[in-house]
Amino acid sequence: MNKRKLVAAIAVVGAAALALTACSSGSSSTPSASKVTLTMWTGFTGGDRPGYAQIVKDFNASHPDIKVVQTVESWDTIQQKLPTAWLTGSGPDIAAPSSDPNVIANYVKTNSVLPIVTGSGASKVNSAQLAPAAVKELTYKGKLYAIPANFASLSLYYNKKMFAAAGIANPPKTVAEFEADAGKLTLNGGATQYGLSLADNQTIQMWPILQWLTGGDIVKSNGCSDLSSAASVAGLTTWANLVQNEHISPVGQTGAQADSLFAAGKAAMEMNGPWAAPTYKAANVDFGIATIPLAADGSKVTLGSIAPLAISAKTKYPKQAQEFLAYYTAKSTQEKFSLTTGFPPLRTDMTNDSALKSDPTVQIFTSQVGDAKLYLPQLTNATQVDANAYVPLIGKITRGTSVASATAAATSTINSLTGCK
Amino acid sequence: MTVTHRVPGRAARTGTPLTSGGAAARRPRRRWQPVLLFMVPSFLILGAFVIYPIIQSFIFSFQNVTIGGPTSWVGIDNYVTLFKDSQFWNALGITLEFTVASVAVLVVVGFILALLLQGESLANRIVRSIFFFPTIVSLVTIGLVWKFLLDPNIGFVGGLFDLLGIPPVSWLTSTSLALPTVIFVNIWKNLGFAMILLLAGLKGVPQERYEAARIDGARTLQLVRYITIPGVRPTLLFTTLILTIQTLQVFDLVFVMTDGGPIFSTDTLVNLIYRDAFTNYQTGYASAISFVLFVIIVVISALQLRFFRYNDVD
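If you read the protein sequences in the order shown, they are chains A and B. Take 1 as the starting number for the first sequence in the numbering used here and just add one per residue. Take 1 as the starting number for the second sequence in the numbering used here and just add one per residue.
This is chain A alone, in the form it adopts within the complex (with noise of 0.2 Å):
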């Protein structure tokens, strides 16, 4: 009987050590004499990879002393993990949330991210030249909380052939060559050929820029919906038309099956950012790169967008981990980066930089970085605010229902949301 005792009380305390090894996610870091490993979250599973990769392993070549490890998995992923894994410790030390910036302010009201030390030097980050539009977004009570890990602002890929069969010489310069422009390459109802790709949903938004072109916008800065204002009503109202009359595009689509059908050849235009330029080029797509055109009132406008990346409040290795966020942020770095990418350089100091110049990709989108609009800046629900309100917004209006009933159920959403009153 004892030794049946013995026996159990054995298989307990086995199986009891095999769970709590399960449960063990391992330390987001492994302490060493000599050198110190940094793990490294992201989503950048696009055309941009290598180009993170090679900051990565640029880093580590020149910094014997420490080792970053990059782990890349869908923004999806990381969002569910992410907030768990810093709670508890066991998280990376360095991570990208998501790609959307305005998630950082709930990591802040957690302190589950370290501010970053700014100033000149090569362990600081020099804030002072990087794009003040991404600083002011990772920016909370007056300290940033986050690198911008890119700085994309979108641009209008066009089909030459496409141009070129349709009799149309140059990309539209001017919001009315751009409406003509997509009735004209619209072939067949569509069925053929669309004139524009436009996504609404699980995207990076194009149609904040639809709109921005035409003078409207969602949320003022009082965090008030814009909506219903004239200028928005009349610039969806003339793109909502377009789409359903003239079939410039199809209705729904996500974001990836909007690059998708660009890259199948089957839409003339598209607005996109530069990590969809590889995709296209392998789909052997003879594709033209230009500026959005001018809104209606001459100006230049974009949307930009940046992806944040931040350091864990738990890290044990604070400065080795905001040692890499300024080596990131350096300019040879982010020459090599923009490079690689196409992405312009996160620095406002590199626009005279003469190889950055000499690459027309990177120039387009470059140029158009004074000019690009956050969207929905400075919104801490910002993500409630996209799916509650604009997404089914543009569905609504994309599907026949009239634009002054459908911005006004969502100037209602927005507004109850942001508190505006």
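Be aware that a few hints might be false.
[What the hints assert, rightly or not] EDC-like mimics (lysine to aspartate or glutamate), calculated; alpha carbons at most 20 Å apart, straight line:
1. A:K319 <-> A:D100
2. A:K266 <-> B:D162
3. A:K266 <-> A:D286
4. A:K81 <-> B:D252
5. A:K124 <-> A:D65
6. A:K220 <-> A:E246
[As the list claims (entries may be wrong)] Computed list of chain B residues with no C-beta within reach of chain A, every gap over 12 Å:
7. I59
8. I67
9. L117
10. R128
11. I130
12. P134
13. I154
14. L172
15. A200
16. G217
17. T220
18. I229
19. R233
20. I263
21. F291
[Unchecked claim] If you want the ones that stay clear, here's a sample from chain B, every Cβ over 10 Å from chain A, calculated:
22. T81
23. S138
24. R209
25. D216
26. Y281
27. Q304
Simulated from the structure, these hints should not be mistaken for laboratory data. Backbone N, C-alpha and C fix where the C-beta goes; we use that ideal spot for every residue, glycine too.
Position chain B relative to chain A; hints supplied.
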């Protein structure tokens, strides 16, 4: 002196000496059973990964919670909010519609398939395997593949329609077609599973009943109605119950194919829970919705058990 009495016709209890007064001595101790100790690992795992999260989630449903952030008790506010939330009622309606349509078709068609394919010929086995194959493929894979196939512009179905001169159909971007399309894919995926369960039930119906009924002149449809269906009622109950519980919690297929769109026309309760918990960081509110879903599943399961009640004489 101890006197041992023995009751005639009864074996003496081994090792149970009687005292002089005839009363039995106190019971001997049971032999110690280590079986409970062997179950402890399972209890530990269940406790850590199932019971604790359920209890914690229930507590969260009474709080305003952001993971890692400050927590405050709000009582039943989350439940009050959700009952006033139009998105919740929309998601509930869609979930129920999804479940009723899927389960009804799965059980009926699965039963018909099981009846037709119950023979053991090679052809039947091959066809059964073909139907069962989607069951073993992950929902995410199936969702992604169907999403691509159904793309009206670059998908296989769109290309086929183009060849046949049929205008393309926006299966997943039309507010009226998106839900039926996802229901169809769900049925396609699970039909083999329903068929196999019901096939197992059919195999358990005694053949003598059929023989006796044929002798009495019963025709095929009468055999199905009076012998087969009552005979497989426990299996029908089990199949319906399992499919209902599973379908009420549908998430992967919807998330991958439509993410609840277009304009929330395929937004299910678990999709809403995911969005509130992981995109909107409203863990407390999401927990409240999940417990309401739990109650709904319990009620529907209880109703089904009542509906399918049967006596042993059946």
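Here's how the hints hold up against the structure:
no.	hint	result
1	A:K319 <-> A:D100	violated, 26 Å
2	A:K266 <-> B:D162	holds, 14 Å
3	A:K266 <-> A:D286	holds, 12 Å
4	A:K81 <-> B:D252	holds, 17 Å
5	A:K124 <-> A:D65	holds, 18 Å
6	A:K220 <-> A:E246	violated, 31 Å
7	I59	holds, 16 Å
8	I67	violated, 4 Å
9	L117	holds, 38 Å
10	R128	holds, 36 Å
11	I130	holds, 30 Å
12	P134	holds, 24 Å
13	I154	violated, 5 Å
14	L172	violated, 8 Å
15	A200	holds, 33 Å
16	G217	holds, 59 Å
17	T220	holds, 48 Å
18	I229	holds, 43 Å
19	R233	holds, 40 Å
20	I263	violated, 4 Å
21	F291	holds, 20 Å
22	T81	holds, 12 Å
23	S138	holds, 15 Å
24	R209	holds, 47 Å
25	D216	holds, 58 Å
26	Y281	violated, 5 Å
27	Q304	holds, 32 Å
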